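If you read the protein sequences in the order shown, they are chains F and H. Just so we're aligned, residue 0 is where the first sequence starts under numbering that gives the first Met the number 0, counting upward by one. Just so we're aligned, residue 0 is where the second sequence starts under numbering that gives the first Met the number 0, counting upward by one.
Hints are supplied without guarantee of correctness; some may be wrong.
The list cannot tell twin chains apart, which means a pair is met if one copy fits it or any two copies do.
No farther apart than 25 Å at their CA atoms in a straight line, the calculated lysine-lysine pairs in the BS3-like style are these [stated by the list, open to error]:
| id | residue 1 | residue 2 |
| --- | --- | --- |
| 1 | K135 | K112 |
| 2 | K112 | K132 |
| 3 | K112 | K50 |
| 4 | K40 | K72 |
Don't read these hints as lab results, they were simulated from the structure. Computed from a predicted model, the values in this text were never measured in an experiment.
There are 2 protein chains.
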Amino acid sequence: MDPIDELNENLVEFFDRMSSWEQSVIQQGKLNVAGAHAIEKLGHFGSMSMKDLSKDLGVTTGTTTITVDRLEKGGYAVRERADNDRRSYIIRLTEKGNDAYLDHHRHHLSFAKEIASFLTDEEIECFTAVLEKINKEI
Amino acid sequence: MDPIDELNENLVEFFDRMSSWEQSVIQQGKLNVAGAHAIEKLGHFGSMSMKDLSKDLGVTTGTTTITVDRLEKGGYAVRERADNDRRSYIIRLTEKGNDAYLDHHRHHLSFAKEIASFLTDEEIECFTAVLEKINKEI
DNA sequence: ATATATTGTTTGATAGTCAAACTATGTGTG
DNA sequence: CACACATAGTTTGACTATCAAACAATATAT
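Starting from the given sequences, assemble the full structure and let the hints guide the process.
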């Protein structure tokens, strides 16, 4: 079989399984999908404006308005006026929001751990290196 | 840095990039997201019942009803009565539906080709082998 | 000053989803 | 056989996710 076909098949299946896993992890928690994604970004990259958050999430600012409204109502995040530009807000996770982020992060870590558990050290190293290379190039 | 952390970071970023890519590919075509996913399954695994399709897609049969309604309206698929069970339908791609599948498949292949283009033969081999292993174990 | 650009919100529309009620059909048991 | 139970798919009602376009407030440039 052509190596590209083989790579493709495994990539597609892997992506599918990752998607299901992510979906089920989110549904275990109390957050809705959009909120969970926003919290992941805010936890990973830190507080940022509506515009930057929208760009990171790949959605319009209108969509982000709704998402952040719900996060605020749920007590996960707050809008804070930006010092330098009075049109802009900085979205910051509350302690509750940060806890949710850490919890999600732990799930990711245990997923990575599970994967690593049935790979050799050499395979882990190669896999990580290739992923890093792909992330840089794509 | 801990190898697990490093693996996790790269996995998360990779998944994020794959998601964006998939999203943009679907939006280039005429199909909506749910329809595109259904066509992928039907093209890959062949005709199947509403129930099996729902299970493959990870949604309820109610959701699949809507999705297949729209595919039928668009001329991408047809419901055919199952021979053995008159409650059941077999969902089959039309020629138009199969063309859409092949088109999507070509996009996936060129994505795999792009990835392969900046990897060594050895890296491709290792990456594919690890993905296969993960897909089997997860 | 005045026009233009930018940040974020609102509005109106559509898609995606689920749970629960429902219809039609199939299966098993006394 | 008849009745209960199970299963395949649809419908309904509700909510979330999303976009594009119109809008308000503020910033920037000429």
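Legend entry - Contradicted hints - numbers only: 3
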